[in-house]
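These protein sequence lines map, in sequence, to chains P and Y. For the first sequence, numbering that gives the first Met the number 0 assigns the number 0 to the initial residue and increments by one for each residue that follows. For the second sequence, numbering that gives the first Met the number 0 assigns the number 0 to the initial residue and increments by one for each residue that follows.
Keep in mind that the hints are not guaranteed to be accurate.
Here are the computed lysine-lysine pairs in the DSS-like style, where the Cα-Cα straight-line distance is at most 25 Å [as the list claims (entries may be wrong)]: (1) P/K53 to P/K82; (2) P/K27 to Y/K49; (3) Y/K49 to P/K60; (4) Y/K49 to P/K49; (5) P/K60 to P/K27; (6) Y/K80 to Y/K60; (7) P/K82 to Y/K57; (8) P/K49 to Y/K27; (9) Y/K57 to P/K49; (10) Y/K57 to P/K60; (11) Y/K27 to Y/K60; (12) Y/K80 to P/K49; (13) Y/K82 to P/K53; (14) P/K80 to Y/K57; (15) P/K80 to P/K19; (16) Y/K57 to Y/K27; (17) Y/K60 to P/K53; (18) P/K82 to P/K27; (19) Y/K49 to Y/K19; (20) P/K80 to Y/K53; (21) P/K27 to P/K49; (22) Y/K82 to Y/K53; (23) P/K60 to Y/K80; (24) Y/K49 to P/K53; (25) Y/K82 to Y/K49; (26) P/K80 to Y/K82; (27) P/K82 to Y/K49; (28) P/K57 to Y/K49; (29) P/K60 to P/K19; (30) P/K80 to Y/K27; (31) P/K80 to P/K49; (32) Y/K27 to Y/K49.
No lab work stands behind these hints, which were simulated from the structure alone.
For reference, the chains in residue letters:
Number of protein chains: 2
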Amino acid sequence: MVLSAFENSRRALSVVDLVKRFETEMNKTTVYRVLERLQDDGELHSFTGKDRLKWFAKYHKPDSNNTTMTHPHFQCQDCGKSKCIPVDIAIPSLPNHRIDSSHLLFIGQCDDCLA
Amino acid sequence: MVLSAFENSRRALSVVDLVKRFETEMNKTTVYRVLERLQDDGELHSFTGKDRLKWFAKYHKPDSNNTTMTHPHFQCQDCGKSKCIPVDIAIPSLPNHRIDSSHLLFIGQCDDCLA
DNA sequence: TTGTTATTGCATCTCAGTTGCATTACTTTT
DNA sequence: AAAAGTAATGCAACTGAGATGCAATAACAA
């Protein structure tokens, strides 16, 4: 039910949004816990938006030639909407460091707001 | 004074850390406001850590052939320390979108924790 | 000195996210 | 079917980062 809010798209939803969307049907805490469960099950993945809010989106399996563990996300500075960017980002090399994952957020204007 | 906590390095400090470090000398609110001012003056820049905390570091002017507006940061998953990565990341192309800036965080193990 | 503006302190608020605990729903076992 | 165990939900309260309003002090200018 919560899952169906994500449709099949690359569209991401903030937790705050989801809590509000389901406030008549279910408790805030439940929404948080369902999201966590769906993430553990590999149905969803989460990331942090520009406003430091938690966002969720459908999990997409990475390409085999995947270079970043986490794909980048885009967030519109005007409408606030966010989505996945189906692209790989090369991991920068940092001497004597090991990089395991990444949080990559690109900010700008989305198609709707540019139109 | 707050500024001097950053030395001249690429080392970043979380606001929470700075508030604690200066709690005898100055008020929490003042720390927040000084940091904001230093950011406006171009002395510091800020980003979001993996734990969704606000971090600050010295501002480094970008190269002329700069491709990302914001350089990436690294955060150690073990000790939590964070630093700037002096590297440019190519901006991915997203059809019909305009990308202005980015929040790029790579997570892994730092030199100290690997040693 | 007096008037003006910038800086700090303190208290309070906001709000996302978490936790503890009781309650309900759902399974499994006898 | 009843009892026992496990998972899912609701509710209230808590936590902690960050923001805000306002009064008090400091710095500066006329």
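Against the structure, the hints come out as follows:
1. P/K53 to P/K82: holds (13 Å)
2. P/K27 to Y/K49: Within the cut-off at roughly 23 Å; holds.
3. Y/K49 to P/K60: holds (22 Å)
4. Y/K49 to P/K49: Distance ~12 Å between Y/K49 and P/K49 Cα, so the pair holds.
5. P/K60 to P/K27: violated (29 Å)
6. Y/K80 to Y/K60: Distance ~22 Å between Y/K80 and Y/K60 Cα, so the pair holds.
7. P/K82 to Y/K57: violated (30 Å)
8. P/K49 to Y/K27: Given pair P/K49, Y/K27 holds - Cα atoms ~23 Å apart, limit 25 Å.
9. Y/K57 to P/K49: holds (20 Å)
10. Y/K57 to P/K60: Status violated; Cα separation ~37 Å.
11. Y/K27 to Y/K60: violated (29 Å)
12. Y/K80 to P/K49: holds (21 Å)
13. Y/K82 to P/K53: holds (23 Å)
14. P/K80 to Y/K57: violated (30 Å)
15. P/K80 to P/K19: holds (16 Å)
16. Y/K57 to Y/K27: holds (20 Å)
17. Y/K60 to P/K53: violated (30 Å)
18. P/K82 to P/K27: Cα-Cα ~23 Å, so holds.
19. Y/K49 to Y/K19: Roughly 20 Å between the alpha carbons, so the hint for Y/K49 and Y/K19 holds.
20. P/K80 to Y/K53: holds (21 Å)
21. P/K27 to P/K49: OK: P/K27 and P/K49 at ~22 Å, within 25 Å.
22. Y/K82 to Y/K53: holds (13 Å)
23. P/K60 to Y/K80: Cα-Cα ~30 Å, so violated.
24. Y/K49 to P/K53: holds (11 Å)
25. Y/K82 to Y/K49: Judged against 25 Å, a Cα distance of about 12 Å means the pair holds.
26. P/K80 to Y/K82: Not satisfied, since the Cα-Cα distance of roughly 29 Å exceeds 25 Å.
27. P/K82 to Y/K49: holds (19 Å)
28. P/K57 to Y/K49: With Cα atoms ~20 Å apart, P/K57 and Y/K49 stay inside 25 Å; holds.
29. P/K60 to P/K19: violated (29 Å)
30. P/K80 to Y/K27: violated (32 Å)
31. P/K80 to P/K49: Holds. P/K80 to P/K49 sits at ~11 Å (cutoff 25 Å).
32. Y/K27 to Y/K49: Since the Cα atoms of Y/K27 and Y/K49 sit roughly 22 Å apart, the hinted pair holds (cutoff 25 Å).
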